[in-house]
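Peer 1: The listed protein sequences correspond, in order, to chains G, B, W and E. Counting along the first sequence from 1, when you hit position 199 you're at 199 in UniProt numbering, and nothing is skipped either side. Counting along the second sequence from 1, when you hit position 16 you're at 16 in UniProt numbering, and nothing is skipped either side. Counting along the third sequence from 1, when you hit position 252 you're at 252 in UniProt numbering, and nothing is skipped either side. Counting along the fourth sequence from 1, when you hit position 222 you're at 222 in UniProt numbering, and nothing is skipped either side.
These are calculated hints, taken from the structure and not from any lab test. Mixed in with the good hints there might be a few duds.
Within a straight-line C-alpha distance of at most 30 angstroms, the following computed DSS-like cross-link-like pairs (lysine-lysine) qualify [unchecked claim]:
#1 E:235 / B:237
#2 W:142 / E:235
#3 B:237 / G:237
#4 B:142 / G:142
#5 E:142 / W:142
#6 G:235 / B:235
#7 G:235 / B:237
#8 E:237 / G:142
#9 E:237 / W:237
#10 W:235 / B:237
#11 G:21 / G:78
#12 E:142 / G:237
#13 B:139 / E:142
Just some of the chain E residues that point at chain G, by a computed CB distance under 10 angstroms [to be verified]:
#14 10
#15 11
#16 190
#17 199
#18 207
Predicted model, so just to flag it, every value in this text is computed and none were measured. The beta-carbon is built from N, C-alpha and C at its ideal position, and this holds for glycine as well.
Protein chains: 4
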Amino acid sequence: MKLTKKRLAHIVFESDDWASKTFDIVLLFMIFGSIFVAILDSVGSLRARFGEVFLILEWVFTILFTIEYFLRVWLSRKPSGYIFSFFGVVDLLAILPSYLSFFVLNSQLFTVVRALRLLRVIRILKLGRYVAEAEYLTKSLKSSSHKILIFIGFVVTIVLIMGTFMFIIEGPQHGFTSIPIGMYWAIVTLTTVGFGDIYPVTPLGQLVSSLIMLLGYAIIAVPTGIVSSEMAAQKRKDEKLLENNRCPKCRFSPIHAADNYCKNCGEKLF
Amino acid sequence: MKLTKKRLAHIVFESDDWASKTFDIVLLFMIFGSIFVAILDSVGSLRARFGEVFLILEWVFTILFTIEYFLRVWLSRKPSGYIFSFFGVVDLLAILPSYLSFFVLNSQLFTVVRALRLLRVIRILKLGRYVAEAEYLTKSLKSSSHKILIFIGFVVTIVLIMGTFMFIIEGPQHGFTSIPIGMYWAIVTLTTVGFGDIYPVTPLGQLVSSLIMLLGYAIIAVPTGIVSSEMAAQKRKDEKLLENNRCPKCRFSPIHAADNYCKNCGEKLF
Amino acid sequence: MKLTKKRLAHIVFESDDWASKTFDIVLLFMIFGSIFVAILDSVGSLRARFGEVFLILEWVFTILFTIEYFLRVWLSRKPSGYIFSFFGVVDLLAILPSYLSFFVLNSQLFTVVRALRLLRVIRILKLGRYVAEAEYLTKSLKSSSHKILIFIGFVVTIVLIMGTFMFIIEGPQHGFTSIPIGMYWAIVTLTTVGFGDIYPVTPLGQLVSSLIMLLGYAIIAVPTGIVSSEMAAQKRKDEKLLENNRCPKCRFSPIHAADNYCKNCGEKLF
Amino acid sequence: MKLTKKRLAHIVFESDDWASKTFDIVLLFMIFGSIFVAILDSVGSLRARFGEVFLILEWVFTILFTIEYFLRVWLSRKPSGYIFSFFGVVDLLAILPSYLSFFVLNSQLFTVVRALRLLRVIRILKLGRYVAEAEYLTKSLKSSSHKILIFIGFVVTIVLIMGTFMFIIEGPQHGFTSIPIGMYWAIVTLTTVGFGDIYPVTPLGQLVSSLIMLLGYAIIAVPTGIVSSEMAAQKRKDEKLLENNRCPKCRFSPIHAADNYCKNCGEKLF
């Protein structure tokens with residue numbers, strides 16, 4: 001088989017034969033590899049010993065990703081469509097930091113955005129089932145997004161008011177040096193994280209803190225309740241849909257969105 | 001169109017034409033602006049440099065809000081009704097702290113209660129859907145309020161008993177200087193916040209703490225379960241209601257509480 | 001009305017007329033009062049100033065509770081039945097610590113167990129609804145107790161193994177001085193409390209900690225899911241029961257377990 | 001009754017008569033005992049005083065477990081089947097660390113894996129109900145495993161990106177010495193543990209932290225929602241199954257998976 005432009009485009013964009021699958025798997029390992037190098041390079045002791053190796057590897061990955069990027073631009077039917085698509089931007093962001101490191105200090109650290117590229121390679125795992133589940137999660141979250149936004153608005157208002165109160169009550173001498181710091185503390189407390197870098201010292205401050213903590217402990221029930229009930233509803237809807245969704249050939253078994261073949265007659269499904 | 005008192009009242013109280021919408025949007029920005037100024041003013045370094053600007057802005061906002069307040073009183077059909085309504089009190093609280101700052105130190109910080117005024121402006125966003133969702137949340141919380149109160153009573157009893165035990169076990173030398181401090185610590189621990197400003201040191205104290213932590217970790221399931229099951233029930237009820245709730249003209253499509261027009265025939269709904 | 005023994009027993013044990021209700025309300029205030037005194041007495045600065053007042057109040061409450069206790073024993077049809085009942089033991093525990101304070105230091109602090117006596121007074125609030133809701137919660141928790149026990153067994157096993165691993169990995173020089181301390185730390189971490197009194201320092205310890213934290217973050221879903229689904233099932237059962245549960249006189253309206261009178265015909269219910 | 005090999009195998013592998021039950025109960029106490037000794041031995045002060053007793057006990061348990069292990073191998077119909085089964089491996093791991101302690105320091109600490117052996121003894125508790133419940137939990141978790149994996153992938157990506165950002169923003173001078181440390185901190189924060197060993201100091205770092213905390217607080221709703229809705233679905237399925245699952249003799253009452261006898265006619269069930 002000759003390596004025509006069409007064939008190359010198939011290898012790069014599809015994932016259904018030996019060559020194109022290999023391409024995706026190599027890409028997968030390269031993404032993991034480049035993230036791994038960036039992580040190791042940030043560890044002082046490792047950098048001191050293997051700094052040069054990391055730099056070389058980093059540039060090897062960057063050059064290969066750059067070639068891949070231009071290959072994708074060249075092979076696309078409509079290059080501008082690719083460049084401004086979500087994955088086009090991610091692919092560019094994955095190589096840009098390395099080149100910017102000539103001008104900006106530490107910019108190569110931003111190469112960890114390459115992690116987002118993993119989304120692209122997910123399809124090679126042939127995880128139709130995973131995609132269906134991810135869609136289910138996304139749908140549930142989307143249809144509860146209005147309620148969650150209201151909840152966030154409520155939380156932000158509490159954080160604003162409580163942060164100010166604590167700034168007034170405790171004051172700079174106990175670490176609450178400004179309203180933004182008070183709000184930061186209120187978030188640390190309401191979300192039950194509790195670093196302990198700032199904490200109330202006065203009895204009144206401790207009383208107000210106790211209320212915030214109990215509030216934070218109780219209102220976690222709200223987003224949880226929203227998502228749970230939404231997912232339950234989504235599940236009931238899916239179950240109903242499933243009953244009406246049968247194999248077009250044998251009409252025998254209900255088929256799942258993630259199935260590729262009818263379980264009964266082997267008919268290939270959409 | 002002349003600016004009669006009636007016209008002015010329309011602009012201030014309604015939100016359905018160009019002038020009244022503009023009024024609401026300007027108000028929205030002013031509220032955000034005044035909160036923002038209060039926050040920045042609390043940061044020492046910014047206050048040192050822009051303190052005077054903040055003071056002037058603060059007074060500009062206060063004077064404008066004062067004018068707005070008296071306008072609302074004057075334009076109301078029944079001024080006393082407005083003054084003692086929820087929003088009337090909030091509007092007054094939003095301007096009072098600034099005037100009190102002549103007498104009371106730091107009182108102007110309380111201007112952050114202006115955040116509550118945002119509730120008033122929510123309607124201009126025409127978020128019928130949001131209002132419906134907020135109502136749904138409120139209804140769910142209200143019908144589970146009895147159960148939540150029982151739960152809080154249970155938590156407070158645990159906090160009281162555990163706080164006393166820890167005060168007895170650990171004693172003042174390990175930071176548990178009194179029962180109220182012990183109760184504060186019990187809340188910090190039970191809600192899984194865990195600041196670490198006070199923590200058990202004796203083996204027995206650590207054992208009791210472990211039990212409180214496991215309890216706190218487990219009983220979070222209770223409010224979550226209450227709210228989840230209540231929301232699920234509310235959802236089922238809503239779904240049933242929806243089926244019986246049809247467009248009064250065409251009787252065609254089920255209509256949602258947040259819809260303004262029938263999706264089928266375009267009939268304007270309540 | 002003469003104060004016969006029968007009349008006195010009515011006042012003490014029932015709560016349905018003026019005298020017996022007053023008795024319960026006075027008791028309610030005395031319980032709150034005695035807890036409040038115990039709390040205030042534990043605060044060093046207050047004790048220094050009002051120590052004698054607190055001591056006198058404490059003894060007034062103790063003597064009154066002692067009189068009440070012996071009254072209850074005397075008025076009971078079967079005194080031994082009362083003494084060994086749950087409330088009999090609680091009533092005794094509520095007065096014993098004060099007398100023990102002659103022999104044991106600080107024993108009077110245990111008077112906070114008086115908080116448990118509040119359970120007794122709950123009925124005067126005539127909160128039939130609350131009792132029904134509390135029963136609903138108890139039923140849900142009881143029918144999910146098997147699953148929760150399995151979950152706790154699972155958590156304890158993780159805590160044991162992880163605590164030992166961290167003791168081996170980090171060792172005494174980083175605060176993990178023994179397996180029990182490692183288990184204490186594992187509980188602090190798994191429950192997402194995170195005091196920060198002990199924390200991992202070595203890279204391997206931080207890696208293992210990360211796994212424990214993610215595990216703790218994820219498995220909180222298990223008790224929550226158990227209780228939620230159990231409550232939802234309980235709710236569905238209650239709804240069904242309600243439909244079959246009608247006023248015995250008019251057969252009109254479905255009646256709730258907490259109703260005292262039929263909403264339709266006013267018939268007094270059980 | 002003579003102690004033939006067959007009889008011995010019955011005692012060791014079954015749990016339905018006096019001898020075999022006693023064997024299991026003795027084993028249960030030995031497992032608890034050996035874990036308890038290992039825990040106490042790790043406490044410095046106890047080791048100093050009772051070190052030799054612990055060592056002797058430890059070896060007594062190890063030798064008894066070793067005898068039991070070889071007994072099981074010998075009595076199994078297919079020894080290799082037992083050796084490579086889950087419990088075979090656990091049984092070996094339970095004795096190996098003690099022997100390795102001649103060569104490797106502290107290896108005997110790993111004897112806490114004996115806790116896993118408790119799983120084996122669970123059956124003697126005749127907790128058919130518990131086993132059924134555990135199966136119910138396992139089924140729910142298994143059928144939601146795809147969704148949970150997607151969620152974990154999402155969390156890991158956030159941790160990677162946020163950890164890097166914080167490393168860039170805060171830098172080594174504030175404790176964020178490398179990307180792995182940044183990721184460790186991100187996990188500590190996202191899971192709402194919040195040790196406070198590392199925390200943001202710069203305003204930008206505190207802003208980013210606040211976002212991570214709010215995110216962590218909100219997304220806990222996702223696994224909770226997944227497990228809750230899955231359990232609810234499982235419960236509905238079980239209820240349906242129950243209705244079709246009747247006593248084979250009297251056809252009277254629906255039977256539960258955990259029942260051993262028909263509640264109506266006493267027929268012994270599978």
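Peer 1: Does residue 237 of chain E pair with residue 237 of chain W here, judged by a C-alpha cut-off of 30 angstroms?
Peer 2: OK: residue 237 of chain E and residue 237 of chain W at ~16 angstroms, within 30 angstroms.
Peer 1: Are the Cα atoms of residue 142 of chain E and residue 142 of chain W separated by 30 angstroms or less?
Peer 2: holds, 25 angstroms
Peer 1: Hint check: is the beta carbon of residue 199 of chain E less than 10 angstroms from a beta carbon of chain G?
Peer 2: holds, 4 angstroms
Peer 1: Please work out if residue 235 of chain G and residue 235 of chain B have their alpha carbons no farther apart than 30 angstroms.
Peer 2: Holds, at roughly 13 angstroms.
Peer 1: Against chain G, with CB atoms and a cut of 10 angstroms, does the hint on residue 11 of chain E hold up?
Peer 2: violated, 46 angstroms
Peer 1: Hint check: residue 142 of chain E vs residue 237 of chain G, CA-CA at most 30 angstroms. Holds or violated?
Peer 2: Holds, at roughly 21 angstroms.
Peer 1: Residue 235 of chain E and residue 237 of chain B were given as a pair; does the straight-line alpha-carbon distance stay at or below 30 angstroms?
Peer 2: Measuring from Cα to Cα gives roughly 21 angstroms; hence the hint holds.
Peer 1: Does residue 142 of chain G sit within 30 angstroms of residue 237 of chain E, going by the straight-line distance between their CA atoms?
Peer 2: holds, 27 angstroms
Peer 1: Let me know if the C-beta of residue 207 of chain E comes in closer than 10 angstroms to any C-beta of chain G, holds or violated.
Peer 2: Holds. Min distance 8 angstroms.
Peer 1: Hinted pair, alpha-carbon criterion (30 angstroms max): residue 142 of chain B, residue 142 of chain G. Please report holds or violated.
Peer 2: Measuring from Cα to Cα gives roughly 25 angstroms; hence the hint holds.
Peer 1: Would you check the hint for residue 235 of chain W and residue 237 of chain B, treating anything up to 30 angstroms between C-alpha atoms as holding?
Peer 2: holds, 13 angstroms
Peer 1: Against the 30 angstroms threshold, does the CA-CA distance of residue 235 of chain G and residue 237 of chain B hold or violate the hint?
Peer 2: At roughly 17 angstroms apart (the allowed maximum being 30 angstroms), residue 237 of chain B and residue 235 of chain G satisfy the hint.
When each numbered hint is compared with the structure, violations occur for hints 13, 14 and 15.
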